[in-house]
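Once you've looked at the hints, dock chain B against the given chain A.
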Amino acid sequence: MKVIEALRIAMRALAANKLRSVLTMLGIIIGVGAVIALMSIGRGVEKYVTDQFAGLGSNLLFIAPGQISDGPPTLRANPVRSLTLADMHAIADRSLVPHVSAAAADFQTRVTVSRAGKTVTVQANATTPEYPRVRNWKTTVGSYFSELDSDERQRVVLLGADTYKDLFPNNEYPIDQIVQVNGMNFRVIGVMESKGGGPGGNLDRSIFMPLTTGQDRLFKQKTPNGEYRVTVIYASIDDSANIPLAQEEITQLMRERRGIKYLDQDDFSIISQNDLIAVFGDILGALTIFLGAIAAISLLVGGIGIMNIMLVSVTERTREIGLRKAVGAKRGDVLIQFLIEAMTLAAVGGMIGVALGWSLAQVVSTFFGEFQAVVGADAVITSLVVATAVGLFFGIFPAFRASRLNPIDALRYE
Amino acid sequence: MTSQHNGETPVISLRGIVKTYQMGDVEVRALRGVDIDVYSGEIIAIMGPSGSGKSTLMNIIGCLDVPTEGVYELDGKDVSRLKDDQLAAIRNHKIGFVFQSFNLLPRTTAVANVELPLIYGGVGGRQRRKRAEEALRLVGLGDRLDHKPNELSGGQQQRVAIARALVNEPSMILADEPTGNLDSKTSVEIMELFQRLNAERGITIVFVTHNPETADYCQRIVRIRDGLVESDTRQQATAGIYANSAPPASYNGHEPMMVKEVAK
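Here the protein sequences line up with chains A and B, keeping their order. Heads up: the first sequence begins at 15 in the numbering used here, then just goes up one per residue. Heads up: the second sequence begins at 448 in the numbering used here, then just goes up one per residue.
If you are wondering where the hints come from, they were derived from the structure by calculation, not from laboratory data. Since the model is a prediction, treat every value here as computed from it, not as a measurement. Please note that the accuracy of each hint is not assured.
Using 27 Å as the maximum straight-line C-alpha spacing, the simulated DSS-like pairs for lysine-lysine come out as follows [what the hints assert, rightly or not]:
| id | chain 1 | residue 1 | chain 2 | residue 2 |
| --- | --- | --- | --- | --- |
| 1 | A | Lys132 | A | Lys209 |
| 2 | A | Lys132 | A | Lys179 |
| 3 | A | Lys16 | B | Lys595 |
| 4 | A | Lys236 | A | Lys61 |
| 5 | B | Lys595 | A | Lys236 |
| 6 | A | Lys32 | B | Lys595 |
| 7 | A | Lys344 | B | Lys524 |
| 8 | A | Lys16 | B | Lys577 |
| 9 | A | Lys344 | B | Lys632 |
| 10 | A | Lys344 | B | Lys541 |
Here are the computed distance ranges between Cβ atoms for each label pair [what the hints assert, rightly or not]:
| id | chain 1 | residue 1 | chain 2 | residue 2 | range |
| --- | --- | --- | --- | --- | --- |
| 11 | B | Arg476 | A | Thr396 | 53 to 61 Å |
| 12 | A | Arg26 | B | Ser600 | 19 to 27 Å |
| 13 | B | Asp679 | A | Arg426 | 26 to 34 Å |
| 14 | B | Asn597 | A | Glu384 | 55 to 63 Å |
| 15 | B | Glu639 | A | Phe414 | 41 to 49 Å |
| 16 | A | Ile395 | B | Glu639 | 58 to 66 Å |
| 17 | B | Glu516 | A | Thr396 | 35 to 43 Å |
| 18 | B | Gln574 | A | Val378 | 50 to 58 Å |
Ideal Cβ positions, reconstructed from N, Cα and C, are used throughout, including at glycine.
Just chain A, with the same shape it has in the complex:
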């Protein structure tokens, strides 16, 4: 009853000084808005990335040259010894690595693909025939090239979902159509299922061809002794419980093959899906702490702003306080009135902040299109509760001061 009255009084007081109220709220608005926007975007990205990882095939290991900690290949000081097709065959050999059920190799490079006047630049994946099975990936039209296609260095190509859309805007049947890859004619034999982005780029914007065709006809990036150079080797492990063991086995095998001496560091990396998720989780965790710090500072500043304006308000309304006391307001009544005013200020600021953050998140996710920002109810409720608590905390001192005013002095105040 009294709280509702105080709320009405507070709303009236805030409405009477609209500009000042909004300026006071600004700190809270920005703080809450930033938190909501960034949390929503972070959640969206997290969901997107975990979805991608889930699509990789859960028992997958990636073997790539160099150490992850050295940074991306282009930034490394020393050229890294590449992996070869022979490495893949060794890994796939069950007598050497018992827990690997299948392996595939992939050489990645950028190519231009054109058809009927349209040209797109996409990632070419020159792979071994086992690739779709290892990556747990199906075609929507046609089928992946066969062992025979690979052995014969056939100029056949499969298109990623987006590449197909770009080159066949009218949904034409693609099979046996001819496309030019870096100017060379290739026959389309299939279209891959849409998989979205993932580690190593958006796989829907890519094409797939036999490793042999790619290396012998297009890229000609063999090692000096004539081996097929590959960018990454995928190894499918028979059981997820065996992943650490398989990782160990592959490491041993690769060290031997690459002649790495005892105590020398590996010059290759074996990454499991869990490693990727963990790395990503670390990044996200750091980001969250960073955001939390921004939010805390902003709420602190906002809270001080509220305290400041509430002190001004108490001084300005000294006579009003005196009058209220003269007609029967008790200390508690005045205290509650000003506390609720401060909390209302903060809570309304918080609500505006939520709306702002939400719109910002929508704009960002529309702009990037790759992921959908997720505005969680928990984030909204937490922000509002924290904002209101800030209002309460910083409202205590001004409200206490108001409640302690002597009605005689307050009524006489000019």
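For chain B alone, kept in the frame of chain A given last:
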């Protein structure tokens, strides 16, 4: 004096009221033993020059402050040793204040201003509005319910303040220089309103003023000087609604002490 009231309990009973303030090292004795009884239905002016202690007396009568010594009984209840919040409750139920500068809440409608004491009295919404409207009608502002103070004249604003003082049906109205901010014509209207409320509804009214004209509207004048009651006289009111009518023989059960001829 008390004999005239046949043992009736006074609304205000001040006995040996002393108030001292500590101003640094100096002790200031604002009131030095004041005895006053005010009975129900009286209309009385407490007068005195500035520095006489009249404001201090008003604060004590209004339960805004407590005396250092002495006993103040309001409606027979000793209020001279109460705590702040208890005094607030007493003010809410027993005292209606009217100030020189009206002290209305800005940007707040007349009816909402009048509702204010009822909010702190815990009266519910609908009942509150009804009583506030009644009080405003009583002071002749039934057609200005939703006007804000800046849309009202000074006289109208003071009427709103009087309605606010009335709304809780207090034991008395305490008016501090109620016409101090009004022109003379409006002052007469406001004083007549007080007189009518006193005559028609028997409301006890205490004016605190240094304006001699106010005294002409009252039936009793208490003069304060140097923290003491200098004189306490009863008279026939000569201004306002009593100006042209034959004086009532016995209004409060006491005989008028003197009757002035109205010089027109």
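query: Are lysine 595 of chain B and lysine 236 of chain A close enough, with their CA atoms no more than 27 Å apart?
result: violated, 89 Å
query: So the hint says 35 to 43 Å: do the beta-carbon atoms of glutamate 516 of chain B and threonine 396 of chain A match that?
result: Taking Cβ atoms as reference, glutamate 516 of chain B and threonine 396 of chain A lie about 58 Å apart, which means the hint is violated.
- prompt: Given the hint that lysine 16 of chain A pairs with lysine 577 of chain B, does the C-alpha gap stay at or below 27 Å?
  reply: holds, 19 Å
query: For the pair glutamate 639 of chain B and phenylalanine 414 of chain A, does the Cβ-Cβ distance stay inside 41 to 49 Å?
result: This hint holds: roughly 44 Å between Cβ atoms.
task: Below or equal to 27 Å on CA atoms is what counts here, so check lysine 32 of chain A against lysine 595 of chain B.
output: Holds: lysine 32 of chain A and lysine 595 of chain B sit about 19 Å apart, inside 27 Å.
query: When you check the alpha-carbon spacing of lysine 344 of chain A and lysine 632 of chain B, does it fall within 27 Å?
result: violated, 37 Å
Whether the CB-CB distance between isoleucine 395 of chain A and glutamate 639 of chain B falls inside 58 to 66 Å: Given range 58 to 66 Å: holds, Cβ gap about 60 Å.
query: Taking only the CA atoms, is the gap from lysine 132 of chain A to lysine 209 of chain A under or equal to 27 Å?
result: holds, 23 Å
message: Hinted pair, alpha-carbon criterion (27 Å max): lysine 132 of chain A, lysine 179 of chain A. Please report holds or violated.
response: holds, 11 Å
- request: Verify the proposed pairing of lysine 236 of chain A with lysine 61 of chain A, using a straight-line Cα cut of 27 Å.
  value: Distance of about 38 Å is beyond 27 Å: violated.
Proposed proximity, lysine 541 of chain B with lysine 344 of chain A (alpha carbon, max 27 Å): Roughly 15 Å between the alpha carbons, so the hint for lysine 344 of chain A and lysine 541 of chain B holds.
field: aspartate 679 of chain B paired with arginine 426 of chain A, Cβ distance criterion 26 to 34 Å
entry: holds, 27 Å
Against the hints set out earlier in the document, violations occur for numbers 4, 5, 9 and 17.
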